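Undergrad: Listed below are the residues making up each chain.
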Amino acid sequence: SAVISQKPSRDICQRGTSLTIQCQVDSQVTMMFWYRQQPGQSLTLIATANQGSEATYESGFVIDKFPISRPNLTFSTLTVSNMSPEDSSIYLCSVEPGQGANEQFFGPGTRLTVL
Amino acid sequence: GQQLNQSPQSMFIQEGEDVSMNCTSSSIFNTWLWYKQDPGEGPVLLIALYKAGELTSNGRLTAQFGITRKDSFLNISASIPSDVGIYFCAGRTTTDSWGKLQFGAGTQVVVTP
Chain E
271 SAVISQKPSR
281 DICQRGTSLT
291 IQCQVDSQVT
301 MMFWYRQQPG
311 QSLTLIATAN
321 QGSEATYESG
331 FVIDKFPISR
341 PNLTFSTLTV
351 SNMSPEDSSI
361 YLCSVEPGQG
371 ANEQFFGPGT
381 RLTVL
Chain A
73 GQQLNQSPQS
83 MFIQEGEDVS
93 MNCTSSSIFN
103 TWLWYKQDPG
113 EGPVLLIALY
123 KAGELTSNGR
133 LTAQFGITRK
143 DSFLNISASI
153 PSDVGIYFCA
163 GRTTTDSWGK
173 LQFGAGTQVV
183 VTP
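Chains as they are written, first to last, in our numbering: chain E, 271 to 385; chain A, 73 to 185.
Treat each hint with caution, since some may be false.
[Said to hold, decoys possible] With a Cα cut of at most 25 Å, we get these calculated DSS-like pairs of lysine-lysine: (1) A:K108 to A:K123; (2) A:K123 to A:K142; (3) E:K277 to A:K108; (4) A:K142 to A:K172; (5) A:K123 to A:K172; (6) E:K277 to E:K335; (7) A:K108 to A:K142; (8) E:K277 to A:K172; (9) E:K335 to A:K172.
The hints are simulated quantities; they were obtained by calculation from the structure and are not laboratory data.
This one's a predicted model, so the numbers in the text were calculated from it and none came from an experiment.
Between the sequences and the hints, there should be enough to build the whole structure, so can you do that?
TA: Here it is in structure tokens:
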């Protein structure tokens, strides 16, 4: 498995501001993903973070709202832009190491509250 | 959209009892993963399944990849208080793009002494 850390672990933000969440992995991984988990709900995939190219977004999520960077094989960022209270969620980074097994491992999450 | 049906939604059990939950779909899956999420934490991978009929154990946990490839089951034997949490199934169909997982709605397990 991979050890994944996220920063910040939680934040309280004002409406209209932006927050950038960092995801760091202790080893190089092929695939990195960003999920959103709204209160009391399951996980929804936001996008696949592609190393060296633009992220691939799922239906309902756009780059202007959730810009993603992935400069190398161990690091990615997700920005939640122009936030509103509806963006209050847990944001999770996950990785697939890619050595044959299709296992996906999750970071501890970033709990975001927008006032 | 979400294609997985996970049941039950919640379970209230006594310590020592066995727990069973399942996920079903109308689509054929080639991977099933089971996760547990504790409050304030990210999901932790419990068991991964890759072949129809596969039965895999991890301590008191046992999961099976259904023979039709459209369902999976997770059993917890002799539950203990630390089994409390939300259990999610996740899977990948034969047509899902590489890496993309679909998640069930989760089963909340509450264990009473």
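Undergrad: Given the hinted pair K335 of chain E and K172 of chain A, is their Cα-Cα distance within 25 Å?
TA: holds (21 Å)
Undergrad: Keeping to a limit of 25 Å between CA atoms, is the pair of K277 of chain E and K335 of chain E held or broken?
TA: With a Cα-Cα distance of about 19 Å, the restraint between K277 of chain E and K335 of chain E holds, given a limit of 25 Å.
Undergrad: Given the proposed pairing of K277 of chain E with K172 of chain A, does the C-alpha separation stay at or below 25 Å?
TA: holds (24 Å)
Undergrad: Could you grab the alpha-carbon distance between K277 of chain E and K108 of chain A and see if it respects the 25 Å cut-off?
TA: Satisfied, since the Cα-Cα distance of roughly 22 Å is no more than 25 Å.
Undergrad: Assess, step by step, whether the Cα of K123 of chain A is no farther than 25 Å from the Cα of K172 of chain A, and give holds or violated.
TA: Holds - the C-alpha atoms of K172 of chain A and K123 of chain A are around 18 Å apart, at most 25 Å.
Undergrad: Mind checking the alpha carbons of K108 of chain A and K123 of chain A for me, to see if they're no more than 25 Å apart?
TA: holds (21 Å)
Undergrad: Do the alpha carbons of K123 of chain A and K142 of chain A lie within 25 Å of each other, as the hint requires?
TA: At roughly 12 Å apart (the allowed maximum being 25 Å), K142 of chain A and K123 of chain A satisfy the hint.
Undergrad: If you draw a straight line from the CA of K108 of chain A to the CA of K142 of chain A, is it 25 Å or shorter?
TA: At roughly 21 Å apart (the allowed maximum being 25 Å), K142 of chain A and K108 of chain A satisfy the hint.
Undergrad: Mind checking the alpha carbons of K142 of chain A and K172 of chain A for me, to see if they're no more than 25 Å apart?
TA: Holds - the C-alpha atoms of K172 of chain A and K142 of chain A are around 17 Å apart, at most 25 Å.
Violation of the numbered hints given earlier is absent; every hint is satisfied by the structure.
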